Amino acid sequence: MKTIDARGLSCPEPVLLVKRAVLEDEFPFTVLIDDETPRQNIIRYASNNGHEIQLTEQHGEYEIVFTK
Amino acid sequence: MDKKDKIAIILTGAALGFAGVFLMLNGNPANMGFCIACFLRDIAGALKLHSASAVQYARPEIIGLILGAFTISLATREFRARGGSSPLTRFFLGFMVMIGALIFLGCPLRMVLRMAAGDLNAWIGLVGFVLGTYIGALFLRKGFSLGRTHKLNAFEGAILPALQIPLFVMLAIASPLLAFSESGPGSMHASIWLALGLSFAIGILAQRSRICQSGGIRDLFIIRDPHLLWGNVAIFGVALLYNLLTNNIQVGFYHQPIAHSQWIWNIAGMVVVGLGSVLLGGCPMRQLVLTGMGNVDSAITVLGFLAGAAFSHNFNLASAADIYQEGTNLVTGGGTTANGRIAILTALLVMLAIGFVYTKRQIKPTVKQ
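Protein sequence lines correspond, in order, to chains A and B. Reading the first sequence from the start, the letters are residues 0 to 67 in numbering that gives the first Met the number 0. Reading the second sequence from the start, the letters are residues 0 to 368 in numbering that gives the first Met the number 0.
What the hints contain is simulated information worked out from the structure, not anything from laboratory work. A few of these clues could be false.
Residues of chain A clear of chain B, computed beta-carbon distances all greater than 10 Å [to be verified]:
hint	residue
1	Asn-40
2	Gly-49
3	Ile-52
Heads up, simulated BS3-like pairs for lysine-lysine below, C-alpha to C-alpha not over 27 Å straight-line [to be verified]:
hint	chain 1	residue 1	chain 2	residue 2
4	A	Lys-1	B	Lys-150
5	A	Lys-1	B	Lys-141
6	B	Lys-2	A	Lys-18
7	A	Lys-18	B	Lys-5
8	A	Lys-18	A	Lys-1
9	B	Lys-47	A	Lys-18
10	A	Lys-18	A	Lys-67
11	A	Lys-67	B	Lys-47
12	B	Lys-2	A	Lys-1
13	B	Lys-141	A	Lys-18
14	B	Lys-2	A	Lys-67
15	A	Lys-1	A	Lys-67
16	A	Lys-67	B	Lys-150
None of the values given here were measured: they were computed from a predicted structure. In this text, a Cβ means the ideal position worked out from N, Cα and C, and glycines have one as well.
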């Protein structure tokens, strides 16, 4: 599974990387982020576009898996 | 959660729209109840970084906004010192955004407040702001990035928020170390406790909702997400309503408070503000909030704003309000300066160059198979 490391990137770069992966149909893929703002942005993007995700948190970092 | 987020962003915008008119009615300058660029420029004057005697005052609205965001991010454990994402480039982007704002005479927040008071020059400025944001969004789509931030010692992130306290103390005791305007916009202000309290509350709301004025338009272009735009709509709606109720609407291009009617330069100024804000990852207000959250890159951007404001006045780049022949709409003075017009075009070219440089050097995300 592909992993996109979006940790430490400015807004809105993480969600743009996710969008690129979605457009290139790279499902399933994982996104790593380390901030609350991209977490909200990515969850909202997934919800607005009907994607299924799984979110896990570890030590203030998040791993979001896009399954489809 | 989405509904809660939406309420938060609308509430923050509403609070900003309310504060923008309320603080004006309580002493702040006309259509300048709350303005990030103007107030940072006033702080630069209070610290004697420039000597424009009409715009020197340590605005507690800036202090409160940073401290509100700082306090809530400590409470919610979101305070994280981080930085190292092209700091000097960010400094100069902040510097140029401030030049743009002072050409137009306002940041995105004052632009919306002016729009809500019927100032059509601000609606012209909006065209520039949207255009600048669109150009920034094009760079982002092509992979523009100023690079990753890294974790830093918490002390580093707390420096600028902590410095707000001695600044406020010096303001509260009217320290002779600070300059205080005796006339002009800098002499007009609401009570310091009222301004501090209101902006502190807004700092908390802004941190929670992540309101961003350039982000509102940018996200429409890049991910068709109107979420952040609701903040701008709420600022405008509440300020418009409050202005209607207090009879503070005057529709037109001429005789607008602290504004000029040179439309081409109003557009150019706001193109630079919009583009710079997108390249920086957020509007001037968002940079203050991120500073409160420990983002050292944003703190450096804020220092860039202060330096840009000082240079704007020291080198005669900032515009002045239109001056009219008495009883007519004939403009006889004020507006932009030759230095300002050269500076804004230079700033636009430099920003485009930064856009191209950092798009070519984009970071590839780590991708493991």
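Which hint numbers does the structure go against, in order from smallest to largest?
Hints 1, 9, 11, 12, 16 not satisfied by this model.
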